[in-house]
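Participant: Work out the full structure, taking the sequences as your base and the hints as a guide.
There are 2 protein chains.
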Amino acid sequence: MDSLQPVLAVLARVLAGFSIAFLVPLLWALGDGEDRSAQVWATGFVLTLAVGWSMGWAVRRHRRELQPRDGFLLVSMVWMALPACAAAPLMWTVPGIEWADAYFEAMSALTATGATALSGLDRLPLSVNVWRCFLQFVGGLGIILLVVAVLPLLGLGGMQLYRAETPGPLKDDKLTPRIAETARGLWTVYFAMSALCFLAYKLAGMDWPDAFMHMCTTMGLGGFSSHDASFAHWNSPLLEAVAIVFMTLAGVSFARYFAVWHHRSWRILLRDAEVQAYALVLLASIGVLSLVLAAHGTYASYLESLRAAAFNVVSLATTTGYASTDYALWPPFAPVLMIFLGCFASCAGSTGGGIKMVRMILLLKQARRELVRIIHPRVVNPVTLGGGTVPATVLAAVLAYMLIYGASIVGLTLLMLLSGLDLITAFSAVIVCVNNIGPGLGAVGPASNFGVLNDFQLWICSFAMLIGRLELLSVLVLFTPQFWRK
Amino acid sequence: MDSLQPVLAVLARVLAGFSIAFLVPLLWALGDGEDRSAQVWATGFVLTLAVGWSMGWAVRRHRRELQPRDGFLLVSMVWMALPACAAAPLMWTVPGIEWADAYFEAMSALTATGATALSGLDRLPLSVNVWRCFLQFVGGLGIILLVVAVLPLLGLGGMQLYRAETPGPLKDDKLTPRIAETARGLWTVYFAMSALCFLAYKLAGMDWPDAFMHMCTTMGLGGFSSHDASFAHWNSPLLEAVAIVFMTLAGVSFARYFAVWHHRSWRILLRDAEVQAYALVLLASIGVLSLVLAAHGTYASYLESLRAAAFNVVSLATTTGYASTDYALWPPFAPVLMIFLGCFASCAGSTGGGIKMVRMILLLKQARRELVRIIHPRVVNPVTLGGGTVPATVLAAVLAYMLIYGASIVGLTLLMLLSGLDLITAFSAVIVCVNNIGPGLGAVGPASNFGVLNDFQLWICSFAMLIGRLELLSVLVLFTPQFWRK
Ligand SMILES: [K+]
Ligand SMILES: [K+]
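As given, the protein sequences belong to chains A and B, one line each in that order.
If you read the first sequence in this note's numbering, its first letter stands for residue 1, the second for the next number, and so on.
If you read the second sequence in this note's numbering, its first letter stands for residue 1001, the second for the next number, and so on.
Honestly, the hints are just simulated from the structure, not real lab data.
Built from N, CA and C at the ideal position, the CB exists for glycine as well.
Treat the hints with care, since some could be wrong.
Taking CB as the label site, the calculated pair distances span [unchecked claim]:
(1) A/V410 / B/S1265: 33 to 39 Å
(2) B/D1422 / A/D455: 26 to 32 Å
(3) B/F1191 / A/D326: 41 to 47 Å
(4) B/S1265 / A/Q67: 47 to 53 Å
(5) B/A1229 / A/D422: 25 to 31 Å
(6) A/G386 / B/G1420: 38 to 44 Å
(7) B/L1385 / A/P391: 19 to 25 Å
Facilitator: Right under this line is the structure:
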């Protein structure tokens, strides 16, 4: 590394920009007459802005164009610093909360994981829930930018495939103008879709605050709710239908929507291999699960089984993690299937977590190719995607990604076990954190929350959410000696 | 496929050869004065020989040199037909056994998995336990041949790496003479080491029958025992030490031993990357586990913790699966670590199961390479192993193998869950069967056995053991339409 200071200069600007986010709960607190909370949000705004400005002033002589290598450090620092800024106000507004829980909650919000360490959500000040939920909206903005605009430039874990597909003119080799150009296009789509989602929730029966908060957590595929009971609070098929539509939409790459808008053609979306696989997986899983629930007699009618299956499959597969029911009471096949879907179903470039559908497609294609190669050793059958041949380097990158993904899950699970958890809680907590899904099984199941974990376990989960959200390699590369060598 | 008949011609010869195995329990039954059992073994011998001969006679006009593609069909047919022949006598000798249990038991024996569906082993006729254990010895003979001599010729899942390393002159392109040549060398090593193991068990305190049976199940890394209590029956540190030595030895490729003997040089073994990693993983795991057991206060002294850790780590990591204690009562970290080791620690070409250490090394090297490539995109750093560069096709084959490995585990676990099992039992049963480890967790833990599963679940487990033993791809290739096309 040349020096930390150019990276800090950009981090300072990100912090200053992030301080604006505090205005959202501040306005809500003022409107709701929460004087004490309003002071907290105002303090958070001022402090974050002050930290950003003073940091920027301190390194003002060291500004330079960032190199790709600086990008990794910046990305990790942003996703570790913002949760700290976001967690501080929780310490003053949530009764009896500790720092590990507050940081976990903020990390869970900004990574759009949606695992909560809090209970009694309905009794919290309105602005605190607005903050939690709005952070998931901000996290969604961040992750779309990161995955579609930043990581492809850094050449990460198979994401090179997307390099050619980012919107914007790409006329410049410098990172910053390209990223700004791309961000404008993607965020416009994100904001437009969010506005529709907001109105739809309101029209379907939520009040304005709930519509706003659930819009935030739907579009970010985060899954926080302002109610302990989540969507079961309303028990409304219409609201669940709205949620299903917008969760499904947010699980598709926003770069695809941008392309649809840019070229005025829906065929780009409908002919995309990743979108096709995504739709197929969701429909097939809903079909299977509704039959299992009906056969098991969990619900009185098939229609009720179908409703429960549709909402919960879409919620878990898109890594949102809303619950309309305690699915831990369903036959154990159901939650395992749904959490498994969450590990891969979302499209790359969406706000969802997991390994992403495009990697799963590459894995399946490579597996089929290998089976054919065994039978016909001399046949040349390269893996193709979207009409082009996938280079061997991309396949090798996916292999490395999968190994690091598996090793992270096994290693963190062993640590959680060492800390005294049972296997199901430890394993499922790690799985849902690394894949940014939300609720797990066992002690961290949908009827419980991550508040039962001790500080050590919460820090492991925070780390798991961080590396999962940042596509693993971009964080873990910081742990290699080569990274720090000149 | 050209036609089934040339494959059946070879299968007929394998069956005829396998019939000789029945003579071992027959002799033991005669020596032990078990008249009824003796009749069963004699019948088994005659029937298997008759089936083999008549099948060979029926297809006598269709003998031809086998092609690689025939090999896949042959291998799967052998590993499905032999358990059927081996299971039949169990129906007459084990009280109240059903066909699904008998086939499971025979598959578990011949794949050297060592999961048992039987209890009351101590009350069975001696010759039945001899049969169960001897089948694991035979399974060891089969798997060494398969992995070192057959699969490399078929170019399977990264095993091409071993193509150049098989002993024997390799002067001929035809499969059969090469395989026969290779078998002679490897089996000599296997028999010699088995003789040493037999004597060591006898000298360390077992009686002759137990020494023979445990020699069979140690060398095959199978883990069956003639006692329900397994090694806890003796509670002898000396016997456990003998077991540790020979399990560790059998977890190394027999091709390596052959090379040591051929070149009269131990350096071949000591400088082998796979052997080094294997030794390191075993020692490190024993160290960690003994400390965890000591910290947890499971045993009175550190020495007892060390003894328990050493025996159980080596037993599970080599996929043997002997138990000296009910490790399900240990802190849950312990069994999870040990079963995880079983998934990869054994060397390719040993009698152990799992993905094999060589694939794990390739995965780790590829992960490290990718991390370096991210930092230095222009650096050329191919993955190397044993001084040579690993071709991209081998890495791609490993990727396909890993995907099929993961998909098999997830898919079979979901089936087991659908059949009504709890998650820990379902998941651990599939893991230990696909990796040919033996005892699992939950209802199939070391203090229980697979007899608690219903027929459907037992058939899934039998299938899992089969595909795991045959390196997955060689079975699953039969499910592709391309395989059956002309
Ligand atoms: K989520
Ligand atoms: K075994």
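Participant: Assuming the hint says 38 to 44 Å, is it satisfied by the Cβ distance from A/G386 to B/G1420 or not?
Facilitator: For B/G1420 against A/G386, whose Cβ atoms are near 42 Å apart, the range 38 to 44 Å holds.
Participant: State, for the Cβ atoms of B/D1422 and A/D455, whether the hinted interval 26 to 32 Å holds or is violated.
Facilitator: For B/D1422 and A/D455 the Cβ distance comes to about 30 Å; the hint holds.
Participant: Is 19 to 25 Å a correct range for the gap between the Cβ atoms of B/L1385 and A/P391?
Facilitator: holds, 22 Å
Participant: Indicate whether the distance between the beta carbons of A/V410 and B/S1265 respects the range 33 to 39 Å.
Facilitator: holds, 37 Å
Participant: At the C-beta level, are B/F1191 and A/D326 separated by a distance inside 41 to 47 Å?
Facilitator: violated, 59 Å
Participant: Kindly confirm whether 47 to 53 Å is satisfied by the beta carbon distance between B/S1265 and A/Q67.
Facilitator: holds, 49 Å
Participant: That 25 to 31 Å hint for B/A1229 and A/D422 (C-beta), does it hold up?
Facilitator: Cβ of B/A1229 to Cβ of A/D422: about 27 Å, so the range 25 to 31 Å holds.
Violated hints amount to a single one, hint 3; each of the other numbered hints is respected by the structure.
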